[in-house]
Amino acid sequence: MIPSVAPLLAAAAAGGAAPDSLINLVPLIPAIPLAGFVFTAFFGRRIGRPAFVLPLLGVTATWLLSMAVVYQALTGGFGEHGAGTTLWRWISAGAFTVDVGFFVDQLTACLLIVVTTIGMLVHLYSVGYMAHDPGRWRFFAYLNLFMFSMLLLVLSDNFLTVFAAWELVGLSSYLLIGFWYPKRSAALAAKKAFIVNRVGDVGFALGIMLIWVSTGTLNMRDAFDRIAGLDHGTILAIALLVFCGAVGKSAQFPLHVWLPDAMEGPTPVSALIHAATMVNAGVYLVARANPIFSHAPEAMVVVASIGIFTAILAASIAFTQTDIKRVLAYSTLSQLGYMFAALGVGAYVAAIFHLMAHGFFKGLLFLGSGSVIHSVHDEQDMNKMGGLWRKIPITHWTMLVGTIAIAGIPPFAGFFSKDEILGEAFKLNFGWVWAIGVVVAGMTAFYMWRLMGKTFYGESHVDPAVEPKIHESTWTMTLPLVLLAIPSMLLGLWLGLPFGNSIITQWLHPVFSGAEQTLGQATEPFALFGIDGALILASVAVASVGLVVGIWLFGFFRRGGHRQTVEAITASSGATRFLYRASLNKWWFDDLNHLLFMVIGGRVANAVWWFDRNVVDGTVNGVGRITVGAGSGLRRIQTGHVQNYALGIAIGLIIMAGSYLVITAR
Amino acid sequence: MSQSLDAYLVVSGILFAIGTFGFLARRNAISMLMSIELMLNAVNLTIVSFGAFIPALNGTASVIALMVMAVAAAEATVGLAIVMAIYRNRRTPLVDEYDSMRQ
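In order, the protein sequences belong to chains A and B.
Following my numbering, the numbering of the first sequence begins with 1 at its first residue and continues without gaps.
Following my numbering, the numbering of the second sequence begins with 1 at its first residue and continues without gaps.
Please note that the accuracy of each hint is not assured.
Claimed, not checked - Some residues of chain A that are not near chain B, with every Cβ distance over 10 angstroms (derived):
id, residue
1, Phe42
2, Leu210
3, Ile536
4, Asn614
5, Thr627
6, Ala646
To be verified - Partial selection, computed: residues in chain B whose CB lies under 8 angstroms from chain A:
id, residue
7, Phe16
8, Thr20
9, Phe23
10, Leu24
11, Thr92
12, Val95
13, Asp96
14, Asp99
Claimed, not checked - Label pairs and their in silico Cβ distance ranges:
id, chain 1, residue 1, chain 2, residue 2, range
15, A, Thr639, B, Glu37, 32 to 40 angstroms
16, B, Arg91, A, Ile655, 36 to 44 angstroms
17, A, Tyr645, B, Ala76, 41 to 49 angstroms
18, B, Ala70, A, Gly624, 24 to 32 angstroms
19, A, Tyr645, B, Glu37, 15 to 23 angstroms
20, B, Met84, A, Tyr645, 18 to 26 angstroms
No wet-lab data here; the hints were simulated from the structure.
Virtual Cβ for every residue (Gly too), placed ideally from N, Cα, C.
Based on the sequences and whatever the hints tell you, model everything.
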């Protein structure tokens, strides 16, 4: 099979149609990283420093193959509704059968672009970032394991394999957050991420069971075909349970607490797993399950509410955090909230568009923050940075691109995707989602500029001992930054135009058209000089206001800004002081969880333990004690004297004979 | 020879009672074995007298009586051997000193 890859790739790249054989190569996409993981895990320690070569080459090969598959899928080479291939029957137990199979359609293709491109660039970046780490082989082995799991997740055509991949990405996330496991905080953060994810996974597992019970199949396409025939309550339950899994994996309220702590992992991991790919798995799942959600509008309202609430909650926390990676983590939460809000209002295409755009610019911002951290010698506190723009110019300019992209300033990527979400929310009669979304857009622009200002502009607060040693990172780290800055700038122009019938809408239309029909969405023509133009103006205006306030307070290039004003505003009234403290303490969610699960939960567990020890164990031990007591009482009659036994026999005989006589005499 | 079966049964009953009492009350192992013989002989006497007074049992009773004698002889042998063995171990013929069955 392997030798035939090259000519096929060439054929695919040339636009030649070889879809039938290309679909048979799809299993190779996850298989190559899996092979890389197995090889590196077994031999990496012996190979030592060059252990990164094979995983990097493997991921590059995966990227090439994926691009060929993506090209076929998006140009209609796999047909309008995608194509699949079944490998083998995994489980066969009576009526319950599970096949391992892969399925590629336009939605999968969009995810493949994000996962493989950013995956490859992060691998390249890690060569430089992890250069001095003795456990580098382990890092690359885990990265390849993650690539395998994530690709399996987006390619599987079956809920059970998706669930297995779902757990595998959770595992690799756990391993990579806790990569520096001797550090206590890293080990604890890894554990926290794993446990919080389990909470959501329980819901997802129950949802899968319910799908099996009600539709009799776990194959996604078959299940979606049969979903319309179920009663409304069942569909609603399935949708909410599946969404429960998505809430855990994509860190939405109330399970959002794990993602900021996950920043304990190495920065490339934060970029790849906790910003660009794995946390999008929940968005992908809900988008993939759109036939289920479109039959349960109540569930979609829940999705929209939780999404938009997470968006504004996380944005408010990002205002006051001082750890550069945590600001980005809360920003990720906020943007994921946008995606769920879009899914909830029924703007599936906008959600996937934002997923792709966000993957690129947030990956860029995280890798940029890694470069900053690297250059100031592992310092993450933004209060100890400042004035860096002259010293690390490539990092500065690429991060500036990322910031403008996420702030939603045209014509960068974030503008198109965010604007599409807000516009769709307004037009689909979710005015409240639109209103909160616009506020969050302004907040996003502000806190991102706060990050830029504190890091790159104004006076330097860097440790004087480190100051003279600040230098730009090596080319393996800056090249991915530049390569990610390009799509952050241009992706929106490419995919988001022309307005109203953009390229990405054309791509994804076959995937979501059924759901849109079920929801009864009316397609109005796009009016640039009407409602749509007004909406665009509103969101851009709000984002610009956020940006201008950020620039005024935190400076721009040589301008230092008015930072003392921040403290003045904070201290001006009781309400602002309360909001500042709430934001700084993340609205006390960690404390609330501590109270609920450690203090109250601990007490309940202690009470249950007491009941178990005293009542349950007491009953069992009591039976034993009675038996022992009866035995030791009865053993007194066992004297060992033969004449006592004989007397017993004699008495017994007399009683038997006597009672015989008495009975027969009657 | 008396013409009444009851007289023989009374004698054998008295013999059996004496044997039982001896077995339960005497502490000496040898005396206990002798008491067992007494009980066996009381039973034998009953069997033989039934054989003599009931024509249908004439032959059968004699056979059973002979069988009981043979078994009684074997039992006495084994019993004595056991008593000898215990005596060698414990240096006493008194059975209330033998309480190793308790363990």
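Would the stated hint for Thr92 (chain B) survive a check requiring a Cβ distance to chain A of less than 8 angstroms?
violated, 14 angstroms
Taking the shortest Cβ-to-Cβ distance between Asn614 (chain A) and chain B, state whether it exceeds 10 angstroms.
Its Cβ never comes within 10 angstroms of chain B, the nearest being 37 angstroms, so this holds.
Thr639 (chain A) paired with Glu37 (chain B), Cβ distance criterion 32 to 40 angstroms:
violated, 25 angstroms
Minimum Cβ distance from Asp99 (chain B) to chain A below 8 angstroms?
holds, 3 angstroms
Distance rule for Phe42 (chain A), whose beta carbon must clear each one in chain B by more than 10 angstroms:
Holds, since 61 angstroms exceeds 10 angstroms.
Should the interface hint for Val95 (chain B) be scored as holding, given a Cβ-Cβ cut-off of 8 angstroms against chain A?
Hint holds; Val95 (chain B) Cβ to chain A Cβ min 6 angstroms, cut 8 angstroms.
Ala646 (chain A) clear of chain B by more than 10 angstroms, beta carbon to beta carbon?
violated, 6 angstroms
Closest C-beta approach of Thr20 (chain B) to chain A relative to 8 angstroms, hint status:
holds, 6 angstroms
At a threshold of 8 angstroms, is the proposed contact between Phe23 (chain B) and chain A supported by beta-carbon distances?
holds, 6 angstroms
Under 8 angstroms, Cβ to Cβ, is where Asp96 (chain B) needs to be relative to chain A, so tell me if that hint holds or is violated.
Holds - the Cβ of Asp96 (chain B) comes within 8 angstroms of chain A, reaching about 6 angstroms at its closest.
Check the following: the C-beta atoms of Tyr645 (chain A) and Glu37 (chain B) are separated by a distance inside 15 to 23 angstroms.
With a Cβ separation near 20 angstroms, Tyr645 (chain A) and Glu37 (chain B) satisfy 15 to 23 angstroms, so the hint holds.
When you take the CB atoms of Arg91 (chain B) and Ile655 (chain A), is the distance between them in 36 to 44 angstroms?
With a Cβ separation near 38 angstroms, Arg91 (chain B) and Ile655 (chain A) satisfy 36 to 44 angstroms, so the hint holds.
Comparing the model with each earlier hint shows violations of hints 6, 7, 11, 15, 17, 18; every other hint is respected.
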